[in-house]
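J.: First to last, the sequence lines map onto chains R and L.
Mapping to this note's numbering: the first sequence position 42 is 42, numbers consecutive.
Mapping to this note's numbering: the second sequence position 382 is 382, numbers consecutive.
Only true hints are included.
Derived DEER-like restraints, expressed as beta-carbon distance ranges:
no., chain 1, residue 1, chain 2, residue 2, range
1, L, THR124, R, VAL3, 31 to 37 angstroms
2, R, ASP94, L, LYS32, 41 to 47 angstroms
3, L, PRO168, R, THR85, 44 to 50 angstroms
4, L, LYS152, R, THR85, 53 to 59 angstroms
5, R, ASP14, L, GLU400, 38 to 44 angstroms
6, L, ALA139, R, LEU42, 31 to 37 angstroms
7, R, ASP14, L, THR208, 35 to 41 angstroms
8, R, LEU42, L, ARG355, 22 to 28 angstroms
9, L, ILE159, R, PRO89, 54 to 60 angstroms
10, L, ALA10, R, GLY102, 58 to 64 angstroms
11, R, ASP94, L, ARG133, 50 to 56 angstroms
12, R, GLU87, L, ASP271, 52 to 58 angstroms
13, L, VAL242, R, GLU91, 26 to 32 angstroms
None of these hints come from the bench; they were simulated from the model.
The structure displayed is predicted, hence computed values, not measured ones.
Glycine included, C-beta positions come from ideal geometry on N, C-alpha and C.
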Amino acid sequence: MLVFKCPYCGIEADETELSPGGEAHLKRFGPGSSDEELEGYLFNRENPKGVHFERWRHVYGCGKWFHAARCTATLEVFGTYSAQTFEPPKEITDIIKTKRPGWKWRNLR
Amino acid sequence: MKRYSVFAVAREALRYHQGWGRAWKSPEPKKKYDAIIIGAGGHGLATAYYLGKNHGLKNVAILEKGWLGGGNTGRNTTIIRSNYLQDASAAIYEKARSLYETMSQDLNYNVMFSPRGVMMLAQTQHEIRGYKRTAQANALQGVSTEFISPEKVKSLVPIINIDGPRYPVLGALWQSRGGTARHDAVAWGYARACSDMGMDIIQQCEVTGIRHINGQVQGVETSKGSIDCQKLGIVVAGHTGVLADMAGFRMPVEAVALQALVSEPIKPCMDVVVMANTVHGYMSQSDKGEMVIGGGADGFNNYTQRGSFHHVEETVRALIETFPIISRLKMLRWWGGIVDMTGDRSPILSKTPVRNIFINCGWGTGGFKAIPGSGWAMAELIAKGHSSLTEEFSLNRFKEGKFIDESVAAGVAH
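Extracted from the complex, chain R is given alone in its bound form:
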C-alpha cells in the first residue's frame, strides 16, 4: 500500500486515506489557445514508466491537495511537496537524480 507524508498536516497517510488526482503540473491555456493546446491539457499525458509527478488529496484527513513524486514501475515514493508550485522543488528533483541517474520528465532534467 502506498504511504505518503502529507506536507500540510505532517501525517503519514495510507492510500486509503487519500484520493488520487492525476498528473501534476498540467498547463491550462486561456482564451485564444489552439485546439491542440486544449486537447493536450485535457487528455494527453506523460504516463511515464518510472518517475511521475502527481496530485493527491488528503481527503480523509486535513483535506488539502498536495503533490507527490513517485515511481510508477516500483511504487517507490520520492517525496511530497506543496500544491502551490508550477514545478517540483529542487529537494525533490535532487533525490530523484540521485536515485534515478539520467532521469528526465517533460523539460526537466
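Assemble the complex: chain R is given as a structure, and chain L must be docked to it using the hints.
T.: Frame of chain R; chain L shown alone:
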C-alpha cells in the same frame, strides 16, 4: 501444420503421443518485414492473423518482449459481451463476439467459447433506466439483449440474493449469447495460425526504439537487433505510452492496474456471468470450479502488475451481500494487469502522427472480449489505410470532441 482432430488424437494415442509438434515456431528475426506488430497478446496476434487471412499480407513479424499472451491476455476475467450503448462500440464488440462463435473452428484450436449468458445487474433506479435504454439501443444495433425481471435473475442464478437490503436486484440487462472463453487458448490459437501462414512470432524481443525519417516509419530497434519494416502496428495495451514516447508523440492514455482474483474450486453453482456495476464487482465460475472475481481499477498510474488489498476488500465485501454463498470461500490467486485507460473509456484504433505507424490501444478494462473484432478492424486499417469499424475510434476524436462515451454508459469497469 498438423490439424487437430479426433483422428489426430486417436493416431497419437497409438504411438505414445510422440507425434505432436510445436504449435508455433520460434524463429530469429529477419532483416526486413512488410509489417511488424509490436505485442504478441490477443490483439496483436489477431491483427497479424487477419492481415494474413483477409488481406494476404504474410511477411509479418510479431515482436513480444515477454512471452506470448503473458500480459493482459493472460490476466483478465475472460468475459465476452457486446451490450454497449454507442453504435461504434456495439459494431466492433458485436463483430468480435460473432467471431468468437466460430473461432474454434476457424483456428482449428479449442478456445472453449462458452456462450453461457452475461447478466448486468440493475441495483438502483438509475441503472434500471440506463439498462433499458441500452437494451433499446442494442435492438436498433442488431445486438440481442433484453431487460429481465428480478424473478428471471433469480431463476438464472439461484445463488443470488435479490432482496438487498443495501443492494437489491431490481432487474438486469441480459445477453444470452455473451459468455466466456479460455483466454490463453485465444492467444495460442492465433499464434499457431499465424506461424502456419509463415509469420514470425519473436518472443523475448523488446523494442527499444522506433526509427522514422521525414515522418515515415523505417523500422524498429530491438534487443535482438535492428529490423526494418514498411508498416508498424503498436498493440501493447499498458505500455502504449512508452512506445508512443519512442515514436515521438503523446497519447491520451494512462496506465493503471486492474485486478482480479479467483477462489478455491467448488462444485458448479453458477452457469452465467454476473456483473454488478454499482458495487464494482463481477463474477463467473470457471470450468475448474473457481469463482473468478474482477474488481475496480486503481485511480493512479501504475506499471506494477499487482493489485492492492483494499480493492479486494471493497469488491468482495459488496459481492458477499449479493452472493452470501461465497463468504466462506478461500481466495486462491490474485493478480493485476496494466490497462490503458482513455478519457472516454473507448479504444483507439488509429493512424498516428508518423506515417505508417498504426496504434491499437485504450481497451482499458475490457479488451479480451474485443480481441477478434479488434484484430479484424486493425488489420483492415493497416492493409487499406481505412476501416469502417475503426473510423470513429481515431485519435482525432480527442481534438474534435467526438467522444464515444462509454464511461457514462457503463459507469465502471466494462
